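Engineer: Read top to bottom, the protein sequences are chains W and X.
Numbering follows this note's numbering, with no gaps: position 137 of the first sequence is 172.
Numbering follows this note's numbering, with no gaps: position 179 of the second sequence is 214.
No lab work stands behind these hints: they were computed from the structure.
Treat the numbers as computed from the prediction; the structure is a model and nothing was measured.
Just to be clear, a hint being listed does not mean it is correct.
Pairs involving identical chains hold if they fit within one copy or between any two copies, as the list cannot separate such chains.
Listed next, the in silico DMTMM-like pairs over lysine to aspartate or glutamate satisfying Cα-Cα at most 25 Å (straight line) [as the list claims (entries may be wrong)]:
id : residue 1 : residue 2
1  : K201      : D55
2  : K203      : D67
3  : K201      : D67
4  : K203      : E154
5  : K201      : D57
6  : K203      : D66
7  : K201      : E76
8  : K201      : D66
9  : K149      : E128
10 : K203      : E176
11 : K203      : D57
12 : K201      : E69
This is what each chain is made of:
2 protein chains.
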Amino acid sequence: MRKLIAFNNVTLDGYFTGADGDFRWAHDDSDDPEFSAFVAENARGGGELLFGRITYELMAAYWPTEMAMKNDPVVAERMNKMPKIVFSRTLGEASWSNSRLMNGDLASEVRRIKNASGEGIAILGSGSIVAQLAPHGLIDEYQLVLNPVILGGGRTMFEGLNNRPKLKLTQSRSFNNGKIFLRYAPAS
Amino acid sequence: MRKLIAFNNVTLDGYFTGADGDFRWAHDDSDDPEFSAFVAENARGGGELLFGRITYELMAAYWPTEMAMKNDPVVAERMNKMPKIVFSRTLGEASWSNSRLMNGDLASEVRRIKNASGEGIAILGSGSIVAQLAPHGLIDEYQLVLNPVILGGGRTMFEGLNNRPKLKLTQSRSFNNGKIFLRYAPAS
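The shape of chain W in the complex, shown without the other chains:
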């Protein structure tokens, strides 16, 4: 069974993007070599990315740009190369490199994908996807990078999730740039 991780950069007020869709505050790590090494190490991992439409469109509009290649070359190259799935019933086509569009029943499709052989799968952002999958017990781990940033408004993770999953903290690691990496598993 493939492991499904939900990964999010979040602010102190719980947002993973600003109201304007801005998520670049999360990639300001140039001041901390230890954190940069951590990100590069993470980016080296294999696997597949899973998105909802909104996060997909935000990221597809950023990572292929020259700005992204300049600001964050390791992550940008990896993001563009990795295989990506976007779940949407309204998106016409998935034009970001190495993407495929799926529009079936989300939980059934994800269960099928997890049951196939292969490397891990990571959901980035995509609050509504996380909120739909968590009640089915399909998310094996939550990974958060908590940023020392306050946005004052934006989109929260887990939007509309209403079963309040019980979690246990399995790792915390703080960096000199003020970011903290946190891992949580569903409490069994």
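Fit chain X to the supplied structure of chain W, relying on the hints for placement.
Structural biologist: Showing chain X alone in chain W's frame:
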């Protein structure tokens, strides 16, 4: 000058109360003696509490009750005894023990209070108060207890804050119950 701290229990999705005003998830610490000792130590400190109306009314409806005295006796006794200020232009009276109601200009009043001699002041919850004071540079420290809880909806801290204060992480301490205590100072 008295130090002004903004203290919040928060969930992984950035809420300090649920949509229904529930904040009792934050006080489920009976399973961790180290965390209970930390809370009791915190509660021993002197000082004064500062609230906006909404958080004040939520807390005034809970801490004086027998349920609070039973579930969380150390904190309940301290909450009821400590001097409290509530800022509101609509509240008729502040009837929770040891409260006083203020309805002047928030930033001016807080500046005046800070300039007087006395012990520290802590804002609990009260997102709109925090959001109004932060741009004036009146908040000296942010203390968060990050809980391993997802609410899926509720009220976020710092609501409407739009100057994105720069912060630096000054302490992180994780507990066996999965809570993490975090301290941030405004970056100078």
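Engineer: Decide, hint by hint, whether the structure agrees.
Structural biologist: Hints versus structure:
{"no.": "1", "hint": "K201 - D55", "in the structure": "between (31 Å within a copy, 19 Å between copies)"}
{"no.": "2", "hint": "K203 - D67", "in the structure": "between (28 Å within a copy, 13 Å between copies)"}
{"no.": "3", "hint": "K201 - D67", "in the structure": "between (33 Å within a copy, 16 Å between copies)"}
{"no.": "4", "hint": "K203 - E154", "in the structure": "within (24 Å within a copy, 36 Å between copies)"}
{"no.": "5", "hint": "K201 - D57", "in the structure": "between (30 Å within a copy, 17 Å between copies)"}
{"no.": "6", "hint": "K203 - D66", "in the structure": "between (31 Å within a copy, 13 Å between copies)"}
{"no.": "7", "hint": "K201 - E76", "in the structure": "neither (29 Å within a copy, 27 Å between copies)"}
{"no.": "8", "hint": "K201 - D66", "in the structure": "between (35 Å within a copy, 14 Å between copies)"}
{"no.": "9", "hint": "K149 - E128", "in the structure": "within (23 Å within a copy, 58 Å between copies)"}
{"no.": "10", "hint": "K203 - E176", "in the structure": "within (10 Å within a copy, 27 Å between copies)"}
{"no.": "11", "hint": "K203 - D57", "in the structure": "between (29 Å within a copy, 21 Å between copies)"}
{"no.": "12", "hint": "K201 - E69", "in the structure": "between (31 Å within a copy, 21 Å between copies)"}
Checked against the numbered hints above, the structure breaks only hint 7 and satisfies the rest.
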